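Chemist: The listed protein sequences derive, respectively, from chains A and B. When the letters of the first sequence are read in order and numbered with my numbering, they come out as residues 143 to 506. When the letters of the second sequence are read in order and numbered with my numbering, they come out as residues 1168 to 1542.
These aren't lab readings, by the way, just hints derived from the structure by calculation. Incorrect hints may appear among the rest.
Derived list of chain B stretches under chain A, where covered just means 3 residues or more per stretch with a C-beta under 8 Å from a C-beta of chain A [what the hints assert, rightly or not]:
no., stretch
1, 1289-1297
2, 1347-1358
3, 1499-1506
A few chain A residues facing chain B, derived, Cβ under 8 Å [stated by the list, open to error]:
no., residue
4, L253
5, W254
6, L267
7, R285
8, E288
9, H309
10, K318
11, S381
12, E384
13, E387
14, E400
15, F403
16, R406
Below, simulated DSS-like cross-link-like pairs (lysine-lysine); rule was C-alpha separation at most 27 Å, straight line [as the list claims (entries may be wrong)]:
no., chain 1, residue 1, chain 2, residue 2
17, A, K252, B, K1279
18, B, K1395, A, K318
19, B, K1512, A, K318
20, A, K318, B, K1434
21, A, K252, B, K1194
22, A, K205, A, K498
23, B, K1432, A, K318
24, A, K318, B, K1520
25, A, K318, B, K1376
Please read these numbers as outputs of a predicted model, since none were measured by experiment. The beta carbon of each residue, even a glycine, is placed where N, CA and C say it ideally should be.
Now for the letters of each chain:
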Amino acid sequence: MKSLRPVTMLQFILIISSFQISVAFLSIPRELARHAGTDGWMVIFLGWGLATVSSVVIVKLMKHSPDSSILELIQRYTGVWAAKVAAFIFMIYYLLLAYDGYMIASLVIKLWLLPSTYIYILVLLLLIPTFQIAQHGFQAIGRHSEIVTMLSIWIPFIYISTLSNAHWLYLLPILKEGWLPILSSVKFMIYPMLGIGLVLFLYPQLVNKEKALPAMIISNTLTCIVYLGITLICYVYFSPDEIGEYNDPVISIMKSVEFQFIERVEVVFIAFYLFVFSCIWIPSMYLVSRCSASLVGKGQERYHLAVWCIVIEISFILYRPSVIESTQMNYALNYIGFMMEFALPVGILLYVAIRKKMGGGQRT
Amino acid sequence: MRWVGKFIISVVSCILLVAVAGCANDKTNLEDATVPLALGLDVKDKKLHYYISAPVFSKDIQKKSREGGGVAEGLRQSRNHQDAQFPGSLAGRNFQVIIVGKQLLQYKDWFKVLDVMFRDPRNTITDRIIAFDGPMEDIFNFQAKDQPPLPLFIKAIVDSGSRSSATVKTTAQELHRQLYDRAMTPSISEIKIENNKIMLKGTTLLSRKGEYRTSLTYQETSLLHILKNEAKPGVSLTFPVDDLQQSLPFNIDNVSFSLGDISVKTKSSHENGRFQFNIKVKSIVSITEKFLEFELLGNSEEMANKLSKEMKKSMEALIKKCQNYNIDPFGYGFYARAYQYPLYKEAQADWGKELSRAHFDVEVDLRIGATGAVE
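Given only the sequences and the hints, what does the whole structure look like? Please build it.
Modeler: Structure follows, in structure tokens:
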């Protein structure tokens, strides 16, 4: 039994928040504008509520297993085979998230910075630091998230500087078309809030377990403040009739910023934003390796990690994803993510609660 | 000694990685690139012509720029033709200004030509869009010994002009916004060649589809800025306050003043089947030039009233002018959309037409805060 390296409260918050923000940050104003119009920013509050409910459920569930992850919990309550199935499902899920992250990041770089570089070369370059960091577990990932946060502090200031061209009247009237578009767009808030599921694995390593729920709420709030900020900035900058025209309004808005000392801020921004992007695939790849190690039942996690890195690289050599496919995958992840991080914890919690009532559960 | 081995392995792999990434096709040596700074577009004989000006970096050459041009079906489509006229590739364009000829402005949806600017993210979109009345060759072949390179020169006059509200600063991105927004119509800067000099002419107002409608002078542009509530403090205006006989080479009844902080309050309502806009302009001004004999100290109230009246008159004239052309460069549609959405939604397909029926109520309230150092 190896000792668990502790993760501090700040690291815990930042791991979750940066995981949530990393990829969705670029797409959220576009998705909300296309589906809910200028009232889209209100959907973020609903997304926050949904994520908070799920956070409560996850923390309640993990209270049953303060020293081991969800996989051991399942094993304890339902047996080895169920745990294997769960490990497999989680592995596929996080593999999907990591793949999605690599795909979006490499497509963004290819479109905006290096149009004639092959995607698999970009992915190869991204996989090396992934392996370096992910092999050391959540503590290293937490420190990485801290550094990324510090490195990205300047980004909001650039966005705030665009407010000199803001047209606040674009936000009015509130509830332009009524509540229906807002309520029906809630599903697009699932993908941006994915990341709370990390707690299922992260919880045992948290130093201060009583504060887990407040910490999760803080990180959800932090994420939603970032989303709200960028969505409002895009909404007051682009006209409501035009914002749907842009594929990446978040980057397009950067293009219009002119400084005396630098003309094209978006180039620097995208290069820097790779750090933030990496916050989704590093934890994901780590969890993939952990799940696959527990699935096979032998071998060190780092060897599994290396294998999966190679698998991802090969998949990008064999198959070149397109922008349209990445959008479709995002839509699919809205549903898959809802199953994995919102519905599944509720199901397991109910099962555990019933088992406890029935007779204490079988301790193995 | 294990770390030595690790170190060597990482150094070798770093070199390999740099080689892998560096050998990609995304590399352009500066020697192989031509960086055009100005793009001109116009129509001649019903064909789209483009004009390019690129700086030449060489000590021995007298003329510091090289011009190219030709017939194009599309900007990207004519890429080979563009490349053929310049040493090196024209990739990585970095236009500072895009000059649009009046002939092109006669066509609907001419803006679609610039699609590549937005579609190819390597292109900048902060280039100023400028209208020019006259043959485009004139401006691209314009050579003056006392003038910095043409693109930078034009950019500079537009930027400084927009700072003092003599023209608007419409970048490609901004024009995109103004054209797509159904609640307003675009306005771009305008230049002219006069007495063998390139100079700022004012502002060109376009229709919803980008066609030329009318032009504004410097002062009208300043009023446009004020009505849009985008004027910065320091806007200078001149109005005649008395109808005096003109006996001097300059106009003796004119009074110039600069505005301090300007408060513009616009309220929209809908009455009797048409939109109604109440505009209240308030500002404290300082007199900057006055020729007539007028006791300012005692009668500042009277002078302020006179100036307010003149300003109101010319604002109403400007609004009337725009209404006649069915355009809304002010963005009054924003107010209608924000506060009368259901009614606006019915009219948004042809907002300019709806606006031409609207009723405007302008109130100007100026107070004289300073009269300068002399009485």
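Chemist: Are the hints correct? Go through all of them and say.
Modeler: Checked hints:
no.: 1; hint: 1289-1297; verdict: holds (count 4)
no.: 2; hint: 1347-1358; verdict: holds (count 4)
no.: 3; hint: 1499-1506; verdict: holds (count 5)
no.: 4; hint: L253; verdict: holds (6 Å)
no.: 5; hint: W254; verdict: holds (5 Å)
no.: 6; hint: L267; verdict: holds (6 Å)
no.: 7; hint: R285; verdict: violated (20 Å)
no.: 8; hint: E288; verdict: violated (24 Å)
no.: 9; hint: H309; verdict: holds (7 Å)
no.: 10; hint: K318; verdict: holds (6 Å)
no.: 11; hint: S381; verdict: holds (4 Å)
no.: 12; hint: E384; verdict: holds (4 Å)
no.: 13; hint: E387; verdict: holds (7 Å)
no.: 14; hint: E400; verdict: holds (5 Å)
no.: 15; hint: F403; verdict: violated (15 Å)
no.: 16; hint: R406; verdict: holds (7 Å)
no.: 17; hint: A/K252 to B/K1279; verdict: holds (25 Å)
no.: 18; hint: B/K1395 to A/K318; verdict: holds (24 Å)
no.: 19; hint: B/K1512 to A/K318; verdict: holds (10 Å)
no.: 20; hint: A/K318 to B/K1434; verdict: holds (19 Å)
no.: 21; hint: A/K252 to B/K1194; verdict: holds (13 Å)
no.: 22; hint: A/K205 to A/K498; verdict: holds (13 Å)
no.: 23; hint: B/K1432 to A/K318; verdict: holds (23 Å)
no.: 24; hint: A/K318 to B/K1520; verdict: holds (23 Å)
no.: 25; hint: A/K318 to B/K1376; verdict: holds (26 Å)
Figure legend: structure checked against the earlier numbered hints; hints not met, in rising order: 7, 8, 15.
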